[in-house]
Every structure is written in C-alpha cells, then in structure tokens.
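K.L.:
These are the residues of each chain, in order.
There are 2 protein chains.
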Amino acid sequence: MRYRDSGVDIDKANEATRAIARLAKATWGSEVLSEIGHFGGLFAVPKSYRDPVLVSSMDGVGTKLLVARAARTFDTVGQDLVNHCVNDILVQGAKPLFFLDYIAAGKLEPAMVASVVAGLAQACKENGCALIGGETAEMPGLYQHGDFDLAGTIVGVVERDQVIDGSAIVAGDLVFALPSNGLHTNGYSLARRVFEQAGLAMDARVDDFGSTVAEELLRVHRSYLASVNEIAGKARIKGLAHITGGGILENLPRILPKTTGARIHKGSWPVLPVFDYIARQGDVVEGEMYRVFNMGAGMLVVVSAQDAAKMPERAAGLTVYRVGEIVEGDGSVTLV
Amino acid sequence: MRYRDSGVDIDKANEATRAIARLAKATWGSEVLSEIGHFGGLFAVPKSYRDPVLVSSMDGVGTKLLVARAARTFDTVGQDLVNHCVNDILVQGAKPLFFLDYIAAGKLEPAMVASVVAGLAQACKENGCALIGGETAEMPGLYQHGDFDLAGTIVGVVERDQVIDGSAIVAGDLVFALPSNGLHTNGYSLARRVFEQAGLAMDARVDDFGSTVAEELLRVHRSYLASVNEIAGKARIKGLAHITGGGILENLPRILPKTTGARIHKGSWPVLPVFDYIARQGDVVEGEMYRVFNMGAGMLVVVSAQDAAKMPERAAGLTVYRVGEIVEGDGSVTLV
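Protein chains in written order, with the working numbering: chain A, 25 to 360; chain B, 25 to 360.
For the record, the hints were derived by calculation from the structure and aren't laboratory data. There could be a bad hint or two in this list.
[As the list claims (entries may be wrong)] Computed from the model, here is a short list of chain A residues facing chain B with C-beta under 7 Å: (1) L78; (2) S213; (3) G223; (4) T283.
[Unchecked claim] Computed footprint of chain B on chain A, listed as stretches where at least three residues anywhere in the stretch have a Cβ under 8 Å from a Cβ of chain B: (5) 65 to 72; (6) 85 to 97; (7) 125 to 132; (8) 162 to 170; (9) 328 to 338.
[Claimed, not checked] List time: in silico DSS-like cross-link candidates among lysine-lysine, alpha-carbon distance up to 27 Å: (10) B:K71 x A:K71; (11) A:K71 x B:K119; (12) B:K119 x A:K49; (13) B:K334 x B:K258; (14) A:K334 x A:K258; (15) A:K119 x B:K71; (16) A:K131 x B:K131; (17) B:K49 x A:K119; (18) B:K149 x B:K71; (19) B:K71 x A:K282; (20) B:K49 x B:K119; (21) B:K119 x B:K71; (22) B:K258 x B:K71; (23) B:K119 x B:K290; (24) B:K282 x A:K49; (25) B:K119 x A:K119; (26) B:K149 x B:K290; (27) A:K71 x A:K49; (28) A:K290 x A:K334; (29) A:K149 x A:K290; (30) A:K119 x A:K149; (31) B:K290 x B:K334; (32) A:K49 x A:K131.
All C-beta atoms in this analysis are idealised placements derived from N, C-alpha and C, irrespective of residue type, glycine included.
Next comes chain A alone, as it looks inside the complex (with noise of 0.2 Å):
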C-alpha cells in the first residue's frame, strides 16, 4: 500500500504548496525574514512603534463557501477571509502585519487551491499586508468530495496608547455607519436557503438586485482600512464595530460601556435591496433581519458630538452615514 492509495497525493499538496509560495511572496516586504518551505513565517516586529501591542483574529467565510463552490468561483472568498480578518483587528485600531491561511478539503484540486490563495494574496497586498504562512491539509473521509473549508489569522499592531475599545464612549456622542456591498460574510445559511425555496439558481437574475444571485451572494467583503484610516486623521475614534454575525443588536453592544446604550434610526442608511429581497421572500421578520445581516452598515464608528462636524462625508470613496446616537443605557442597541 502506498500513502496515495489511502487518499493523500502528497506530490499534489506539494504542487499546491509551490503555486501558493509565488502567490504570497508577491505581499512581502523587509519584515518577512523567512521563505515558505520553513515551519514557521518569520516577521520582524516593526522597529516604529515604542510599546507595540499585537491584535489577533482567526476566522473563516462559513456558509458563504458553499455560494463559492456552486459558482465555481475561488478567489473571492480569499478576499471575503482577509477583509473580514482586517476589519476584526481594525475595530481595535490596528494595523495589520502578517496573515496566515488554512485550506482543507476531501481533495485538494491545486486550480481551486491557487484561485483561493489569489484572493487572499490580493486583499493581502491590497491592505499592506504579508501572506506568511498557511497549511493545506487533503483530509479524505473527513471532507466528502467537492466540499472544503477555508480560516484565516491576522495578526497585526497598535500602539498601547491608541488601543480603541469604546472605554471613552459617553451619553451624547454620536454614531456614523460606513456602507456594506452586501451580506459581506454573515447571513449566509439563511440567504441560502431563502433562493433555494424561491426556487432560484447560482445563475438566475433577480431584477429586485439587478444581478445574478451568484454575484450578488459573492460581493467580496469590505476592507474599512482605508475608510476608517481617513476618518482617524480627521476626528478621534471613540469605538469601531464590524457589523457581522449578530448583526448592529449585537455587535455595537460589544464596545458599549455598561451605562450606556445606542439609538440607531432605522432609515438613515440604505439598506440594500438584497436584504428586503430576503426580508419578503423569506418572510423574515425585521428584528430577525437586524440580528442576522448588516442590513447594508458594515462598519460603525463613534465619535463625540464636537467631532461629528469634522467626520468626512465621504471616506475613501465610501459615504459616510450619520445613523444614532450614543444615549444613558444599560449597554443596549435601541433600533428607532
């Protein structure tokens, strides 16, 4: 018996592992120390900062994947998997440095492999950020055929003393929301499985979106890099939420002090047409809608009342929407 009668190609996974090591030597700069083919990435903390403080997250794109595996169409959720990373550190005033990925499937086809690894070495270099490492792992019985999964860790920096975390949020201080391009990454169970009993395919055309139901579902995630980097020169970042799973009613609460609460005015933003496609197809009720999707805010930032007069109208090409306002509470998100 040999190791690829029982399912693993290990010539294949080093095939892969070679279009990958291209791919991401293409987002180093003079931090990364080491070549892939090591065991570990190597990246030299940067010498600029006085106390630097590392920001990590890991996640994956969930049920998004499978929209991917329908279309035939890899690289966007690479995309989709830095995007969401850079956001999650973001929220928290870093800046990213380095990002790793892990790719599992029943079977590792190296054109699929490669099509992912583009999209995440192009948000990569499009956020300045180095693609340093990863696993592919060819995990037969485990993945039935055709099916994989896709994580991703960002690691990235801030200076101690700009760490934001909503501990200066007051009564008083107001709430700006930067737009989505659609359901970013959440949501996606219940999408799906609302175009499934309309009985709509990948490649149907939805005039409520004006687009087929396949690009529509495979928006690429937004990066708020850029958007949130050109409102942090102008006023100061009180807090940073990432509109994902949870929706506004629960991911605003998580950088809320106790003894306040947030009135967000339904109305003040355009909700994309996709959600109340969702909404009346689905016959999703609206509190469900708010707790599932981004309903269009993908970002949301809080600034004082003084501030406010100096937050840009539009940030790197993205509107910038007045949509509440930070009020005496009990940590809660008020919809109005």
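Dock chain B against the given chain A, drawing on the hints supplied.
P.N.:
Using the frame of chain A, we list chain B on its own:
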C-alpha cells in the same frame, strides 16, 4: 423564518463561547490585554527582547480527528494541535506567546467544543502560551452531521540574532533524535485504512503495542519545548527538524544547506511497535513508511561534533539518541 430554522443556533454558539472564555482565561498572563468578546485578542510584545521576530504557524490535526470522533474523545486533539504548533515554531528557536483556534462543525455540540478547548487550554498552559482567541463556526451543509474540523495558529517570538535556521550546519555535524510517542499528527489516512482492513475496531486490543487501537492512535503529540530548552542550555543548536508529514526524508532537508546531506542510521533509535505493525499488516514498504511516519523520531537536533559531548543523555525526561551525521551532499537525506 428564524435563523435557527436554517440550522444555525446563535444561542448555542454563545454558550460555547462562554465555556471557551472560562477555559482560555486560565491561560492568560499579564501580556494579554483584552477580554474575549472583543473582536481581536490583544497581546503586548514582551519588553525583554532587543530585536523581536515573530514566528507564526497555522496547522490542523488532519484525519486524526476521525479517530477522535470514532472514540468520542475530543480533549487529546486539542493538545495535539497546540503541541504540534509549538514544535513548528520551536524549530526556528521561538518561544510560544499566544494561540488562536478554529473549530467548525455542521452542528456545534457545546460539550464537544468545551472538551476540545479544555485540551487546547491544558496544552497552552503546559507550554506557557496564552489561548487568546478563536472562532467556532456552525456550518450546516458544509460539514456532515458529526463531522468537524479543528485548526489553530500559534505566534511566538525569538531574538533576531538567535533564529535557528540550519544555515550554520556543515559536514561533520551530528544529528540527534528526541523520541515520539506514536504517530503524533501524521499518517492517519494510511494508518486508519490499515486498521480498517485488519478488521479492528477502535476498542480492539492489539498485543503488538499493548493497548487498544484508539489509545495508540490518540496518544498526544509530544511538545519538545522543555527538552529543546534543556539541550539549548548545554549545546549550541544549529538546526531542528520537526518530523511531521513527509517523515525524516522530507523534513530534515528543509534545514540542510544545499551542499550538505544527512546520513541517518536505521536502528540507532527505537522504532515504535505501532509502526512495525502498520508496515507488516498494511504491507507498506520501508521507504514509504519513512516518508509518511515519524518512525519514533519526533524531533531531530543538529549540533557540531564538539558540542556532541555536551549533549545530555536525557532532556526533560526524554532519551536523546545519536542517529546520524551531516555529510557533503545535495541537501538530501540517506537512510543507512
């Protein structure tokens, strides 16, 4: 339609998150600045380093998960994952700082998740590493019921001028081995197939190795941190190779300068009975065995001939075996 109808239970996910938070906090030292529940984990770069280099690695535990599932034992794979990652950065001289985990399943069972995380937390504590964050993802449709995957990322640190990379290795140096205690985390697809073909259930006792199939296959991947630290206090380590997938034949070359080679003497360390059993029962040729399994040698250590006399006979409880020497060569390993 509510989100729960689509197979995702946010309350259950939150319950799992709370269990994880309790276990994880027990691993935190003063460098950890955040509470889980924020978006990213915060870890202060230790002040004691002049020129710190971060060394990171991401990995899974492969199809050892299928053995864990069959045996309904989930804490050991958590330990496997951490120890594997600790070894992967140890080979470049790095000391672990923090760890993040990713657990994905079709349906999250809080008891299973808590058991995996208990294993992660235990191994993190043993290796002085903070379990700083992670993601649990419930993905109906992507994972079959009962299936799950587990991956993790470790970040460690090493002083820049103390990175170990094998570049100082020359002909005449000697190779030592630290023993493994079983398959560690590699070769499970082949091993499972051999045991299946032999008609052996997980709880079947095998006299050849004196335990049940499950006990043998689920032995926890050894961390070599303590042993390598003890050796490093006595001799200058020129290179370390963690023997994972690809065995000695593919892992030792990763640190050899291209003008050197290694001659490894079979019989100079004990090959564990489980490997003899797999070779015989599965009719696996010797070359393939050495390409897939660690064969009893979990970590190789290269030191100069002068330093060989300083090598301890035992390091942190493990016997140190002299197993070969570095010769002139083309970067490859010869088994003699």
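K.L.:
Give a verdict on every hint.
P.N.:
Cross-check of the supplied hints:
no.	hint	verdict
1	L78	5 Å, holds
2	S213	4 Å, holds
3	G223	16 Å, violated
4	T283	17 Å, violated
5	65 to 72	holds (count 5)
6	85 to 97	holds (count 4)
7	125 to 132	holds (count 3)
8	162 to 170	holds (count 6)
9	328 to 338	violated (count 0)
10	B:K71 x A:K71	13 Å, holds
11	A:K71 x B:K119	20 Å, holds
12	B:K119 x A:K49	25 Å, holds
13	B:K334 x B:K258	6 Å, holds
14	A:K334 x A:K258	6 Å, holds
15	A:K119 x B:K71	20 Å, holds
16	A:K131 x B:K131	23 Å, holds
17	B:K49 x A:K119	25 Å, holds
18	B:K149 x B:K71	21 Å, holds
19	B:K71 x A:K282	33 Å, violated
20	B:K49 x B:K119	20 Å, holds
21	B:K119 x B:K71	14 Å, holds
22	B:K258 x B:K71	26 Å, holds
23	B:K119 x B:K290	31 Å, violated
24	B:K282 x A:K49	21 Å, holds
25	B:K119 x A:K119	24 Å, holds
26	B:K149 x B:K290	35 Å, violated
27	A:K71 x A:K49	22 Å, holds
28	A:K290 x A:K334	23 Å, holds
29	A:K149 x A:K290	35 Å, violated
30	A:K119 x A:K149	13 Å, holds
31	B:K290 x B:K334	23 Å, holds
32	A:K49 x A:K131	25 Å, holds
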